[in-house]
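Below are the chains, spelled out letter by letter.
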Amino acid sequence: MAKPKIATDWMGDCAGCHMSLLDMDERLLTVLGKVELTSSPITDLKHPPEEGVAVGVLSGSINNTSNVYVARMMRKRSGCLIAMGDCAVLGGVLSMRNAFDIKEGLRRAYIDTESTVDGFIPQSDELAKPIRNRPLDQVVKVDYHLPGCPPSADAIFHVLNELAEGREPVVEGEALKYD
Amino acid sequence: MTVLNVTINGKTMEVAEGTTILQAANAAGIEIPTLCHHPALKDIGACRMCLVQIENMAALQPACSYPVIDGIKVETHTPRTLEMRKFVLEMLFSERNHYCMFCEMSGDCELQKQAYAHGLAHWTYPTPNPKLQVDASRTYFIMDHNRCILCRRCIRACGDVVGNHTLGMMSRGAKTMVTADMDEPFGDSTCVSCGTCLQVCPTGALVDRRSAYGGRNKDVDTVNSACTFCSIGCRVNVITRNGRPLRVEGDWDGHNQGVLCLAGRFQPLETGRRRVTTPMVKRDGALEPATWDEALAAVAKGVQAAVPGKIHAWVTAATLDQPMDAVVETFRGKFGGDVKTLEAAPPPGETPNGGAMKDIDTADLVLVVDADPLTEHRVLGYRIKRAADNGARILVCADGDNSMADFAHEAFPLSKLDWALASVTTAERPVVVYRAAMDPRLRAKLAVIKAVCIPLHAAANAARAISLGLNNEADGDAEALYILLEEQALTPEQREQAHKAPFVVMHACYVDDVDGLADVVLPAPLWYEREGTFHNIEGKSERVRPAAPPPEDIWSETSVLQQLSLRV
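First to last, the sequence lines map onto chains A and P. Counting in this note's numbering, the first sequence runs from 1 upward without gaps. Counting in this note's numbering, the second sequence runs from 1001 upward without gaps.
With the rest of the complex left out, here is chain A:
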């Protein structure tokens, strides 16, 4: 029997969740013995395959139009979708930005910064547009939530291993943490 496929991707985040995923250390081999990792931001292949995967893992919040695209693609190509980390589950640090107007924020970042000379706000059709920051489940349906900033390697291993073994992952006890 072919191993179930798994794909990960990140959106508005700091890459810490994927660092924590790598922190599984030798248990990565256990997980990779049970599943096939098709794509992730830390492998050569970045995008989930068109034929789909059993499990999609997304970290980071929805913070611009590109994130929406990534989230929808992963949702479409995944059997079940895991929101990994506080940003994907709750909105994360980026939600602090929601207290301010986006234009005001861009101005502060690109023009008003003390060290900036002749600043301008980058504008190109190829660039994603910033939007109000929100957690993943406000854009696509999420099957399992794994909060934590970042979730511990133990918690990530627990969720992936439970899924690989065909069980429902329950995040509780030590694995449940918001910061």
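Take the hints with a grain of salt, since some may be wrong.
Covered by chain A, according to a simulated footprint, are these stretches of chain P (three or more residues, beta-carbon under 8 Å) [stated by the list, open to error]:
(1) 1100-1113
(2) 1121-1128
Derived contacts from chain A toward chain P, CB cut-off under 8 Å, selection only [stated by the list, open to error]:
(3) Val31
(4) Gly33
(5) Asp86
(6) Gly91
(7) Gly92
(8) Leu94
(9) Ser95
(10) Asn98
(11) Ile102
(12) Val140
(13) Asp143
(14) His145
(15) Cys149
(16) Glu168
(17) Glu172
(18) Tyr178
Hints in this document: simulated from the structure, not taken from any laboratory. The beta carbon of each residue, even a glycine, is placed where N, CA and C say it ideally should be.
The hints should help you fit chain P onto chain A, whose structure is shown.
What follows is chain P alone, placed relative to chain A:
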């Protein structure tokens, strides 16, 4: 006392009438989750975390505010109660900014703890997150309304415990806000910055500026000690991390019942003054660091050069028993000099005493004579205001401005003490609070009335000073003068008088106190580094425990005095 039967989770027990379901459950070792409940506060059932199922009742009831009825059967952990508690938490998280990852309280927060316990892996409801104000108008602590869950613990602490009634609620529903007075910034309000609200806040809504981000509860050490900044002697817990004091909290089990004042909770940690860290000796007109050996030799030399009988010592009556005894032993006993206190001591005569703080709680009349407890003995002042809330009549008999007079039912000048005492005789449980150092003739009048009396002293350990026969009456000109100052200050007159002595030794904590006056400076440990005993306002001996070790080169005051005694 009526005994009632209650069955909780199938376990039957007997409790006294008036016991709540929560109290009965706790006594039986059954834990019911709570948020707005605090052991020191009256329960109001605001948060609905403690909902329990009562047999034959359709609606769930809050255990914290539901008194036991005879024969009542309660279930605390049914699928329905668990579901409701989770629902309550989800609603709380949807209201304001409860993102833990950028909150100071994360790790110690009671809301977070409950969310973990109830397995809230994500928030079910949208989080509109209104942008609310962060009020930083108070010097020592911040109110972040975004983190508030409206449990009203702060309001109950302010009103019911401290008797200050600054905090209240404004608006209704999701727009409800905790406010001060008529919606003033906290710093401009009638808030007295006692910090009791800060101590009871379950979330990161009230944040101590100094200890914020200083360490979680699991990282810190807590030492139970006593505050020596006035003669009340409030029990405190000093919280330190790696030997650095982070904050001071009131001890709920002390006679102060957890309440502290601005001067006991915040100011001692925020002096901003430069500390004396090594012994210093004056050389060529300037103080220079010296070894203990050099400093003690210099003191011995100065003392020996003086005429016996002209070797005087001044000691702060705020110091603990042990150093005070050592000063008297050394300077009066061995050197034959005079020892006096820096603070005013009562002139001879009867000092009626014996009252306890809790007598105020049950008093029907409190008479304040020649004292201003709300300024000088604030925790006692708060207690009197609380007694007024509970129906006690407050009389103030004092001259001049008196902040207690604003809260009194009647105020008299001191010359009308007899009128005030006439009211006392008609009361059933009167308490008289008076300035210990006031006119002995007035004190004599208090001694003959039937009332509980509480003397207020000018410094923490004045009672010891009195028993050692110390007072602050002028001594003759000293040829050698030793001053145990600690963190107290000399009055301008005392400084001027000290200047007249040819040789001055200062045992003090701060550099600006000794500059330009001392010939030898001995460094003293700070209040949280000292160990010993003193007598509190109730006349009971209290332990002061060191919360942190003093810096390496600072010795205990008693060992310095012993060394000195050996050298002369």
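Comparing the hints with the structure gives:
1. For the segment 1100-1113 of chain P, the assignment as covered by chain A holds, since 7 residues bring a beta-carbon within under 8 Å of that chain's beta-carbons and 3 suffice.
2. Only residues whose beta carbon comes within less than 8 Å of a beta carbon in chain A count, and the segment 1121-1128 of chain P has 5; three or more means the coverage holds.
3. The closest approach between the C-beta of valine 31 of chain A and any C-beta of chain P is roughly 21 Å, which is over the 8 Å cut-off, so the hint fails.
4. Given the 8 Å rule on beta carbons, the hint for glycine 33 of chain A is violated: about 27 Å separates it from the nearest Cβ of chain P.
5. Annotation: aspartate 86 of chain A was flagged as interfacial toward chain P, and the flag holds, the nearest CB pair being 5 Å apart, inside 8 Å.
6. The interface hint given for glycine 91 of chain A holds, since its Cβ lies 7 Å from the closest Cβ of chain P, which is under the 8 Å cut-off.
7. Against a cut-off of 8 Å between C-beta atoms, the interface hint on glycine 92 of chain A holds, since the closest Cβ of chain P lies about 7 Å away.
8. Evaluation of the leucine 94 of chain A hint against chain P yields a violated restraint, the C-beta minimum of about 10 Å exceeding 8 Å.
9. Annotation: interface hint on serine 95 of chain A holds; nearest CB of chain P at approximately 6 Å, less than 8 Å.
10. Below 8 Å, beta-carbon pairs count as interface contacts, and asparagine 98 of chain A has one with chain P at about 6 Å; its hint therefore holds.
11. Taken as an interface hint, isoleucine 102 of chain A does not check out: its beta carbon lies about 14 Å from the nearest beta carbon of chain P, beyond 8 Å.
12. Restraint check, valine 140 of chain A versus chain P: the minimum CB separation of about 14 Å is more than 8 Å; hint violated.
13. At a threshold of 8 Å, the smallest CB-CB gap from aspartate 143 of chain A to chain P is about 11 Å, leaving the interface hint violated.
14. Residue-level restraint check for histidine 145 of chain A holds (minimum Cβ-Cβ distance to chain P is 4 Å; threshold 8 Å).
15. At its closest, the beta carbon of cysteine 149 of chain A sits 4 Å from a beta carbon of chain P; the interface hint therefore holds under the 8 Å criterion.
16. For glutamate 168 of chain A, the interface hint is violated, the least distance from its beta-carbon to any beta-carbon of chain P being 12 Å, above 8 Å.
17. Among the interface hints, the one on glutamate 172 of chain A holds; its C-beta lies about 5 Å from the nearest C-beta in chain P, closer than the 8 Å criterion.
18. Interface restraint check: tyrosine 178 of chain A against chain P, minimum CB-CB distance 4 Å, threshold 8 Å, status holds.
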